[in-house]
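K.L.:
Residues per chain, in single letters:
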Amino acid sequence: MLLLPGLVALGYALYNGPASWAVDGNTFWGTPISLFVFWIGLAHAGTLLSAIFLVLDIKQDKRTAMLAELSTLCSLAVAVIFPLMHLGVLDRFYMVMPLADARMNFANIRSPLVWDFCCIVIYGILSLLFFGTHLACGRFPGLSKIRKPLGWLLFPLVLWVHTVVSLDFAATFVPEWQGAFFPVYFIVGAIYSGLALVGCILWFEGYRMRLLEQLVKIGSWLLCAIWLWNFMVSGNFCTSAFIFAGLLPQLLLVSAIKNSRVGRLLIYISILVGLLLERLFLVSPGLGETVHFGLVDLGLLAFGVSAFILGFCGIRWYLGSAIEGESTFFGEVDDSDLVKGETAGSVGGAGADSGSGDGSDGSDGAEKYVEPWRSYETRTLRFPMFVGLSLTVLFCIWCGAQLAYDDVELTLVQVAPIIYPMAALIAALIAVGKAFYKEVLPELNTFSKKRRMIWSAVVIAFCILIAGLMGAFYGGGASVASDTRVHSAPVAEISNSPAVELSKSRLIWNSRCASCHGTDGKFNEKFVREFYPVPQKLDSARIDSIGVDSLVQVILQGRANMNAYEGRLTEVEARGLVLYMQKLAQDAQQSAGEAK
Amino acid sequence: MDRRDFIKSCSLMAVAGLLFGCRKSVLEGLGTGEGNLRGPSPKAFEDEVRLAMSQARGRLDLVRVNAPGKMKSSGLLEGAGCNNRFGMAIDLDACDGCGKCILACNMENNVPLVNEDEAARGRFMHWIEMRGGVPFMCAHCGDAPCEKVCPTGAANHTPDGISAMMYKRCAGTRFCGANCPAKARKFNFLDAQKLGLARKFNKDVPLREKGVMEKCSLCLHRLQNDRLRFKTESLGEWRGRGVTTACAEGCPKNAIVFGNWLDSESPLVKATSGRQLYAPRELANLDPSVVFIMGKR
Numbered sequence: 001m002l003l004l005p006g007l008v009a010l011g012y013a014l015y016n017g018p019a020s021w022a023v024d025g026n027t028f029w030g031t032p033i034s035l036f037v038f039w040i041g042l043a044h045a046g047t048l049l050s051a052i053f054l055v056l057d058i059k060q061d062k063r064t065a066m067l068a069e070l071s072t073l074c075s076l077a078v079a080v081i082f083p084l085m086h087l088g089v090l091d092r093f094y095m096v097m098p099l100a101d102a103r104m105n106f107a108n109i110r111s112p113l114v115w116d117f118c119c120i121v122i123y124g125i126l127s128l129l130f131f132g133t134h135l136a137c138g139r140f141p142g143l144s145k146i147r148k149p150l151g152w153l154l155f156p157l158v159l160w161v162h163t164v165v166s167l168d169f170a171a172t173f174v175p176e177w178q179g180a181f182f183p184v185y186f187i188v189g190a191i192y193s194g195l196a197l198v199g200c201i202l203w204f205e206g207y208r209m210r211l212l213e214q215l216v217k218i219g220s221w222l223l224c225a226i227w228l229w230n231f232m233v234s235g236n237f238c239t240s241a242f243i244f245a246g247l248l249p250q251l252l253l254v255s256a257i258k259n260s261r262v263g264r265l266l267i268y269i270s271i272l273v274g275l276l277l278e279r280l281f282l283v284s285p286g287l288g289e290t291v292h293f294g295l296v297d298l299g300l301l302a303f304g305v306s307a308f309i310l311g312f313c314g315i316r317w318y319l320g321s322a323i324e325g326e327s328t329f330f331g332e333v334d335d336s337d338l339v340k341g342e343t344a345g346s347v348g349g350a351g352a353d354s355g356s357g358d359g360s361d362g363s364d365g366a367e368k369y370v371e372p373w374r375s376y377e378t379r380t381l382r383f384p385m386f387v388g389l390s391l392t393v394l395f396c397i398w399c400g401a402q403l404a405y406d407d408v409e410l411t412l413v414q415v416a417p418i419i420y421p422m423a424a425l426i427a428a429l430i431a432v433g434k435a436f437y438k439e440v441l442p443e444l445n446t447f448s449k450k451r452r453m454i455w456s457a458v459v460i461a462f463c464i465l466i467a468g469l470m471g472a473f474y475g476g477g478a479s480v481a482s483d484t485r486v487h488s489a490p491v492a493e494i495s496n497s498p499a500v501e502l503s504k505s506r507l508i509w510n511s512r513c514a515s516c517h518g519t520d521g522k523f524n525e526k527f528v529r530e531f532y533p534v535p536q537k538l539d540s541a542r543i544d545s546i547g548v549d550s551l552v553q554v555i556l557q558g559r560a561n562m563n564a565y566e567g568r569l570t571e572v573e574a575r576g577l578v579l580y581m582q583k584l585a586q587d588a589q590q591s592a593g594e595a596k
Numbered sequence: 597m598d599r600r601d602f603i604k605s606c607s608l609m610a611v612a613g614l615l616f617g618c619r620k621s622v623l624e625g626l627g628t629g630e631g632n633l634r635g636p637s638p639k640a641f642e643d644e645v646r647l648a649m650s651q652a653r654g655r656l657d658l659v660r661v662n663a664p665g666k667m668k669s670s671g672l673l674e675g676a677g678c679n680n681r682f683g684m685a686i687d688l689d690a691c692d693g694c695g696k697c698i699l700a701c702n703m704e705n706n707v708p709l710v711n712e713d714e715a716a717r718g719r720f721m722h723w724i725e726m727r728g729g730v731p732f733m734c735a736h737c738g739d740a741p742c743e744k745v746c747p748t749g750a751a752n753h754t755p756d757g758i759s760a761m762m763y764k765r766c767a768g769t770r771f772c773g774a775n776c777p778a779k780a781r782k783f784n785f786l787d788a789q790k791l792g793l794a795r796k797f798n799k800d801v802p803l804r805e806k807g808v809m810e811k812c813s814l815c816l817h818r819l820q821n822d823r824l825r826f827k828t829e830s831l832g833e834w835r836g837r838g839v840t841t842a843c844a845e846g847c848p849k850n851a852i853v854f855g856n857w858l859d860s861e862s863p864l865v866k867a868t869s870g871r872q873l874y875a876p877r878e879l880a881n882l883d884p885s886v887v888f889i890m891g892k893r
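Protein chains in written order, with the numbering used here: chain A, 1 to 596; chain B, 597 to 893.
No wet-lab data here; the hints were simulated from the structure.
As the structure is a prediction and not an experimental result, all values here were calculated from the model.
There could be a bad hint or two in this list.
To be verified - Which residues of chain B face chain A? A partial, calculated answer using Cβ under 8 Å:
id, residue
1, Cys694
2, Thr748
3, Thr769
4, Gly807
The C-beta atom is built at its ideal place from N, Cα and C for all residues, glycine as well.
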């Protein structure tokens with residue numbers, strides 16, 4: 001019911017651009033960004049509840065864990081929509097990615113936003129893998145072995161991602177946002193709101209998790225402490241958020257409320273409302289005085305809520321049997337316990353997340369000794385992690401060595417935000433791939449031939465699609481000149497006599513071409529700006545082999561990174577330019593010969 | 597009246613009518629090329645400047661700064677010839693806050709109008725705005741915070757010390773705007789071309805599309821034209837002499853001086869020598885290129 005007005009508001013906001021929601025002269029961001037922060041916060045709790053409980057050996061229902069993970073995925077999907085719609089020019093979102101396009105334009109890696117984007121994408125992929133593995137566990141029990149390593153990869157990633165998001169704010173000059181406490185503050189807020197969301201979901205499923213209530217209480221105290229501290233330091237205080245998210249949850253201490261279903265739900269909802277208000281005030285400090293909430297803002301809010309509910313319920317319904325499972329009953333313990341015997345306690349994993357297999361954590365005395373590099377977790381977690389880290393480092397070195405990246409400061413400090421997520425991504429992919437190969441493929445072989453054909457066709461089509469997209473991207477599909485004119489008319493007369501004298505060609509060359517190609521015969525030594533690639537090196541032999549007519553066409557129609565000069569230069573002038581180029585190359589050759 | 601007089605007066609009237617139809621306002625001659633006659637009348641632009649000045653609220657809190665020097669060569673600028681650093685000085689002793697610079701800038705840079713809704717919120721596109729009776733524009737900080745956070749690299753620094761914008765690269769994240777301590781950046785909330793609010797007075801400057809950031813460019817196109825001329829005629833090292841910005845040109849009191857901080861012959865260095873330089877407090881330690889001068893001659 002909320003979805004329709006929500007969609008209308010979203011469409012209106014997309015059509016009308018950023019002016020449509022509440023922003024004043026001092027705020028450039030407004031509602032979508034606060035909603036983004038809110039939803040990305042919610043997205044963290046699911047993984048937290050599932051992955052962190054898993055790695056800390058806290059026993060948890062399969063059903064609760066699944067629901068938590070699903071809520072992560074759904075809120076992540078909702079969260080991603082908001083920053084995209086917040087963009088002024090939506091179709092240029094890909095420019096934020098740290099990929100050089102055909103023109104070797106590169107994102108500004110000093111900006112936290114770039115890493116924000118990467119981290120969120122990687123987080124989404126990993127959460128999907130985690131959920132998928134969990135889902136497939138029922139069918140392929142072998143997969144449950146890699147759940148714990150995945151959990152270990154996800155645990156730091158959750159904190160990492162939210163830190164990067166919070167640094168978007170903390171890096172700015174807005175006085176309300178500055179400070180090193182921001183990451184902690186964001187993470188606490190995020191996890192707290194996420195707990196409340198999971199609490200709500202579990203309530204609707206009719207479950208109750210006492211542990212969750214304890215955690216909510218702890219979260220509220222932590223957040224209150226930060227708020228009070230912030231109030232004492234800077235005097236900023238959001239009263240309504242404090243009441244909703246700080247004071248009301250304390251009612252959980254009252255057992256009458258704690259034990260009544262309605263009471264719990266109301267508390268969870270009040271936490272969500274409080275945190276939402278807090279995010280809104282955070283992003284646009286002038287809310288209420290200079291900024292007024294409009295219909296569009298409410299619509300966006302409604303869109304977020306409704307899209308989440310729709311997505312969550314849809315997937316929940318679709319996967320209903322898988323989540324509930326025929327063999328899982330309420331109170332059943334997760335199958336991760338089977339793994340527990342094999343892993344050498346959580347201490348070993350803690351060593352593993354800090355990096356490559358530092359090895360000697362020894363197993364508990366009761367268990368039999370396994371050589372460190374043969375141990376189960378070395379195989380499942382440390383080895384992929386090691387490969388991931390070394391690949392990441394290799395990638396950084398490779399980037400540093402690339403000529404085109406010379407102008408981009410790709411130093412270790414600059415790429416620091418991406419190192420862990422990237423290593424985690426590679427590690428997770430390796431781990432899942434290995435498990436898939438070992439556990440799932442043998443099972444799949446029992447499938448009917450037709451089904452296998454369909455699946456392999458889907459996989460191949462996907463790969464081709466990705467490869468095609470990358471090809472189009474690097475081939476310059478993304479950077480076509482705005483007015484490309486195609487002329488098939490043949491060149492009228494062919495003559496090599498200079499209709500334009502060389503002196504005039506020199507002037508044209510110096511004004512039009514020299515900015516990239518240089519005034520002297522060296523062509524490419526002068527390289528104006530960091531945003532253009534190095535022009536093609538031309539020497540006499542090359543010019544002769546290409547031929548005058550092709551070069552004239554290149555000048556007029558453009559090629560690869562060169563712009564079309566048709567309309568700005570006549571054909572005769574272009575021909576003169578080519579002849580001038582020949583002369584420059586010959587002069588350069590001569591002077592080089594003399595130098596020898 | 598005989599027949600001859602009648603024909604004479606008739607033809608005179610016809611000629612007068614024709615001449616009346618041929619009349620041409622002075623401003624129409626300003627722009628050539630397409631889109632010249634389209635767009636709101638210059639009167640509308642004047643009215644908007646007046647409206648913006650009447651609504652202007654902000655104040656400038658000026659503190660003393662040193663004269664801008666050679667820029668610290670960051671990684672991006674290494675190897676580029678850093679012999680120029682363009683900037684401006686606004687003489688507050690001469691300036692009387694008439695606002696003619698705003699109009700001159702708008703016409704030079706094709707700054708669009710805004711609709712009533714935006715005007716009511718006090719969001720004009722003007723690159724120069726009045727703060728406490730003082731014209732204020734982007735200070736082209738040497739250590740610009742806006743450029744650091746731009747994810748796509750659309751906001752960048754030229755080797756000549758200008759904080760430039762690549763409109764085609766701007767994705768509109770507005771991170772730069774949020775990070776500018778002086779809020780000198782303007783965001784195209786409206787599609788001015790579609791709404792008929794933009795007018796191309798100057799063919800050298802492109803019209804900006806909806807959803808991109810813009811701000812004072814120190815009349816970059818004028819500098820580039822001059823540089824091209826230097827290159828074409830091989831006139832030696834280019835120091836940007838003789839170029840001036842539209843606001844400096846339009847100032848009746850000559851309170852705005854444009855020049856090259858690193859060129860001892862530039863009018864800017866001459867005008868500021870022996871004077872005390874000021875900058876807004878929030879920009880003072882960001883190495884601004886546009887400064888204010890007052891007192892002490």
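K.L.:
Taking the closest Cβ pair, is Thr748(B) under 8 Å from chain A?
P.N.:
Check passed: Cβ of Thr748(B) comes within 4 Å of chain A, closer than 8 Å.
K.L.:
With a cut-off of 8 Å on the beta carbons, see whether Thr769(B) makes it to chain A.
P.N.:
holds, 6 Å
K.L.:
Under the criterion of a CB-CB separation shorter than 8 Å, is Gly807(B) in contact with chain A as hinted?
P.N.:
Result: holds, 3 Å to nearest chain A Cβ.
K.L.:
Tell me if the interface restraint on Cys694(B) is satisfied: Cβ within less than 8 Å of some Cβ in chain A.
P.N.:
violated, 23 Å
Of the hints listed earlier, the one the structure fails to meet is number 1.
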